[in-house]
Each structure stands twice: as C-alpha cells, then as structure tokens.
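Visitor: Each chain, letter by letter, is given below.
2 protein chains.
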Amino acid sequence: MEYQFSNRISSLQPSLVREILKATANPEVIPFAAGNPAPDAFPVAEMQRIIPEILRENPIGALQYSITEGYGPLRDACKALVENHYHIPMRDNELIVISGAQQGADLASKIFVNEGDTVLCEDPSFIGCLNCFRSYHCNLVGIEMEQDGVNLEKLEEAMRQPNVKLFYTIPNFQNPTGITTSEYKRREILRLANKYHVMVLEDNPYGDLRFAGQPVPSIKSMDENGMVIYVGSFSKILAPGVRVGFVVAPKPVIAKMTVGKQCADVHTNILAQMACERWLAGSGLEEHLARIAAIYGKKCRLMLDCIQQEFAPSVQYTTPEGGLFLWCTLPEGADMLGFCNKAVEKKVAVVPGIAFLADESSPCQSFRMNFSTPTDEAIVKGVKILGQLTKELF
Amino acid sequence: MEYQFSNRISSLQPSLVREILKATANPEVIPFAAGNPAPDAFPVAEMQRIIPEILRENPIGALQYSITEGYGPLRDACKALVENHYHIPMRDNELIVISGAQQGADLASKIFVNEGDTVLCEDPSFIGCLNCFRSYHCNLVGIEMEQDGVNLEKLEEAMRQPNVKLFYTIPNFQNPTGITTSEYKRREILRLANKYHVMVLEDNPYGDLRFAGQPVPSIKSMDENGMVIYVGSFSKILAPGVRVGFVVAPKPVIAKMTVGKQCADVHTNILAQMACERWLAGSGLEEHLARIAAIYGKKCRLMLDCIQQEFAPSVQYTTPEGGLFLWCTLPEGADMLGFCNKAVEKKVAVVPGIAFLADESSPCQSFRMNFSTPTDEAIVKGVKILGQLTKELF
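The listed protein sequences derive, respectively, from chains U and R.
Numbering-wise (my numbering), the first sequence opens with residue 1 and increments by one.
Numbering-wise (my numbering), the second sequence opens with residue 1 and increments by one.
Quick caveat, the hints were computed from the structure, so don't treat them as lab data.
One side only, chain R facing chain U, incomplete, derived with CB under 8 Å: (1) Gly100; (2) Ala239; (3) Lys256.
Covered stretches of chain U, as calculated for chain R (at least 3 residues, CB under 8 Å): (4) 34-45; (5) 221-230.
Cβ pair distances, simulated, as ranges: (6) Glu157/R <-> Arg160/U: 47 to 57 Å; (7) Met1/R <-> Lys154/U: 20 to 30 Å; (8) Pro217/U <-> Asp335/R: 54 to 64 Å; (9) Gly61/R <-> Lys251/U: 36 to 46 Å.
The C-beta atom is built at its ideal place from N, Cα and C for all residues, glycine as well.
For reference, chain U alone in the conformation it holds in the complex (with noise of 0.2 Å):
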C-alpha cells in the first residue's frame, strides 16, 4: 500500500536529534548527544512522599477527566510563580497548563499561523519547535545569531516581509547554542515585534539553570501590548517525565490555545498536574533551584576546563552562563559532520550543528555538546577523545 501522506508531513523527517539519542542508547557511548537534565538534579524523594500522598487523599480527582485549561490549583500556583518568581505582571494575561513546552509551540503555531506565512527563528535553534513550525507547512526563516542574541537589522528585515506571524526566541541559555540575549536586543525584539505586529514566541526551558552572571528580564515582562506568548516548563526545574509546562499570553491567545489543545489531548495527564502544584507549594523553590543550578555550573565548567586543555586551539565554543549545552564551531573549511561520524566510531556523540539550522543545507562548522547527562568521569574521558580528534584533524 502506498500511503498519500499530508504536504505538512511528507516533507518532515524524524528529529535527528531523536534519531541520534536511539543510535546512543548503547551505554557504552559517551552522551554528549542528549539533552536530558541531569538525574540528580530531580527531587526523587519528594515526588515519591508527593504522588502517593495524592493517590491517597484524592485517587479519583487523580484519575478521572479534568478541564482543558489544566487543574485549577496548579494553574493558580503557576500564576504565583510567574508574578513573584519569574517577574512577569499577570494584568492582562491568562495562563494554560500544557503537556510540556513543546506543546506551546504547538498550539501558538496552531492558532496563528496559515499555510505558507512565515516563521521567524534564530539559527540555529531548537530542532523539536523548527519541526513543529515545518510540521504547519510554513515558511520557516532562520536569524543568523550573535554573541548576545539574534542580528536585529536581519531580524528587522525579515519582519518586514508579509505574512510574518511568529518569531521564535530561547532568550536564556539558548539550545543549542548556550548563548544568553542582552537586555538591549530583548527590547529591540519587542519594539520590532510592536512595530511589525509579529507575535513572540518566548520559550524558557532554562532561566532557572544559571549558575554565572546576572538574570535578564524576560521579554514577556516588558510586554505591555500583548505580543508575546511566553512558555514555561517543568522540564528542567522538577523533571521532564512530567511533560507540563505552562503558557502565558493575554487571554483571546489563551482562549484560542485552549480550543487548540482541546482538539490535540483534552487536557494534561491530571496526577502529573497535581504533582506539580503540591511540589510547587513545599517552600523549598529557591533551594531547589539554586542546588540544581550548581550542578549544572559544576558540569558546565568541567567540561569547559576540559576542552580549554583538550582541543585544538583553532576549535571555538560558547561559553554559556546556563542550561545544558555550549556550542563548539571548527576551523573554516573543516569537515564537520566527518568529525562528528569519527566522534561516533570513537563512542562520542555530538549532535552536527546542520540538525539546529532553520535550512538544513546552509553551510555549518558546528556541533552542540551537552554536560548535564554525562557522568563527571564521562565528560573528562569524552572531551580527551574528542580533543585528540580536533588535534588530528586540525
């Protein structure tokens, strides 16, 4: 039987990110590949005082259908956290409890974009939202990135294009590059959304995982206009098991994505939502992330101190303030996706740095390297391999 698929889909190809993570499951190959928070960052003893104690006080609210917009406690508590934790005023604005980040693009993608409008993203970027923009068969337009965000005269020029419906930003720690935006091109950002009428899809998986510098205001927090859907998630802060993450947009956006996911899963799994919001109301927040933070600065700066020894000079890489990834960029004219294969057969995964490009073909010397799922002996054991590499290569 030979299927006639849909346009949107017949162009798509797995994720090679995914694809890569299925070809490492073989533990015996070092995972710079993957893009799991590290273990020991999930509170473990909590979740398991936290879950049975729902089963045991509320089984049937834990199990039966709950409301689109997500469990009203939690919804309540994320509102909290969004005011008093991540500074952004709720005024205007409403907020959805969604099935993880990755949902948030979904349905802003959803709910504002045609066929054929256009998409703005930086590039590289987040390989699972560049696929959920392809996967609603738009025109997807990637912002070449700099040291402290997106260029914002190409960025200027291509909202200056028709039919420019979204652009999509990782401001903090940004995956994959590591890079941290400057407040200066967040309200460039803004005012040029203002000025185009382009919705900002801000997506921020990592702010809480800063471990250097100083915090910057999200965009979202200088929005008075209501152009910016910010996204939130647990991923990163409790576990991503979970999958719940949570948007905020001024209420018609909210309106339309709850009409969106009613279509897409009816709601999110409810125990998982009571589970957040129960964890959410032990006090223990701030800790929490400031015990997770470190781990992930500890990494971070091995592996850092490990390439500055390890590889070839010639090699560059990001120095991220946050989050779980840097970005290595090798010599012009060096082979990188023969490097990244000759990483493989040594038992190193990289993921090549084309995988992250809004166009797949654009020329590329980079690769993205993550240190919060390797063990500390796996990342000295790997950057050494990969280190020996750029030495022979280059």
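For chain U, the structure is supplied; the task is to place chain R on it using the hints.
Guide: Okay, now just chain R, sitting in the frame of chain U:
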C-alpha cells in the same frame, strides 16, 4: 490588541460539551451531560499500590525524558493486548503510545489531511474528534447514522468524491448514540475504504464496556491491506486522567505519526505509561473488565427502566449494548434546544444533539444522556424531572 488568528482556529468554537460540563460543575445539577467514566470503575487500590512501587523501583526512569514511540514494555504489553484481547493481528502493523485517544485523531489528521481535503464521519459523532478534524481546516462531511451503523449508500456516495482522506467511526456503543455497527456494515465499510482508497479511523474507547449482546469483530481485525488506523484507550478500562492510549496501524503510518507526535508533545507522561504497563501485567484484566461492564450495565438498565416509566411515549431512545451514552429523540417538530434549556433550569443537564453534528445548523430533535457519571439516585430523580417535562411538552 486585535489578534489575527489562523483560519483553522478562527472558525472553531470551544467544545459545547466542555462548556456545558463547566457550567454544570454546580453539584446541584444532575450530570446527564457528562461523559466521565464511573469513578467506582477505576482500579484505585491497584494504582495506589503500583505507582508508589514504580517510584521506589525506578524513580529516574519515571521522571526522565523517554522516546516518542512510547515506553518499550508498555508498547509490548499493548501489542499483546491487541493480539490476544482485541484479536487484531499485529502482522504488518506497528503501535505507538499516545496521550489519550484524542491524540490519535489529531495525528491521523496531521499526517493524512491537507487543508480543504474531506473527512467523513458518522452523523452524529464525538464532538472532540469533529473539532479536531475542523482544526485541520478540512471539509467535514457527516454520514447519516442508522440503527446498525452508517447508511452505506451515503457513505459510498461521499467516498466517491475527490480528496476524501479519512472516514472516522466509533463502531462500538458510539458516542453520542450508543449504536453498535453491525458486522455486515463493518465489512462493507472496509470494502468501500479499499475501493476508494479512504483510510478508516476506527476509534474504540468503549469496546470493553459491553454489558449486553455479542462482541462484533473490529474493522481493523479484517484489514488485509493496511487501510485501518485503530485507536485504543486506557481512559475507560483504567482511567481517563492518565491520558494514555495507543494507535495500531501499518508501519509507514506509525512512522509518520511518530514524527507528528515529536512535534506535538515529544512523548506521553512516562509514569502514566509505566503504570499502565504494570497494571496490564497484573493478571486481573478480564475480571476487571467484567466487573466494570457490570457497573455500566446496571446503570444503563436503571436509566432505561426510568425512561420507559417516565418519558412521554412519543420520545424515542436507543438501547445500547455497552458504553456510556444513550440518545433520545423528541417527536417531530419539538423544540429540542428549548427542552434542553428547560431541563437545565430544573437542574438536569443533557447535551443538545446539534453539538454532535458535522453541520451544527442541521435540524436535530435529539439529545445525549450519560448514565455512567450520575449516582443511581440521581438517575431516578433526573429522569423523573425530564419525564415530567416531556409529558408537559409532547
């Protein structure tokens, strides 16, 4: 700010059922409008044992990212269930775990339906899936339901048109009518699907809730040519809050669905998947299903007995052999919406039939009643109130 939403979402209204559900959150209203499984059918004690067990034995596995296709042991368990319990050969098929059956309709639409393509459905049908199809901006065409399934002449006439991509059917105890499609019509549906190259989306959330009559083979079990996408769900056999279901379809279809799901929500809540797997591994499934079918059967018979005693004889109603719903039809010329509104005023909620039509502006004399959510006392009291109304009006 005036937002310019996508065409697909602009025309879509919030699900009437969900809005009514919210309105009837008032505990004084008798909830015949609901669609919730009976809480006493949930395996509460098992979940209270299983979930803490998983969190003790494999907390990191239960919290970390997982793969899009689903938790391996659950996929294996579902494949065994499909073959041994639902009598569907896996042969050339594959299986993906999804975030509730609703996601099955979403992914089927995503991968098969271009904007403007036609999706066929039973008329009336489940509003959640109708809205899902609408969210892909398709041409939704309803095929008249008869006592033994859709009108086959009208189905063939509709399939003969160009760009028909899916036919959506709930063959067992359909929502909203409670009708079961006969084996003859199932074979004919499959024959027509093969003849006109239209995929059949077979949704079977209620199949295990049979309390009368004999099981009828699924359309998927007869599918030699890979034309059927079968959607199963844990919502009614275990509990809906877990948001876990599965799709069985030919390998190329599942491969595309996996790509679509990566873009939508990455993967389904992993603790819920592990809980479903461990629950299935407990040997009590058939006993559990017999127990819950008895609960639903008792409630259905009570409602039918009350209706027979209390309703005006001019009101017709279906006699389901399973499931959660029955369908009442007022006499020709009656003001159905007026009746439903008067019922809510008297604190009994039913769902106006138009909510379930492909074209909500079609004439409709029917309303849906749910017998699984209300208590026995509420069934007796609520039907008496509705009965008085029917006697006053008709």
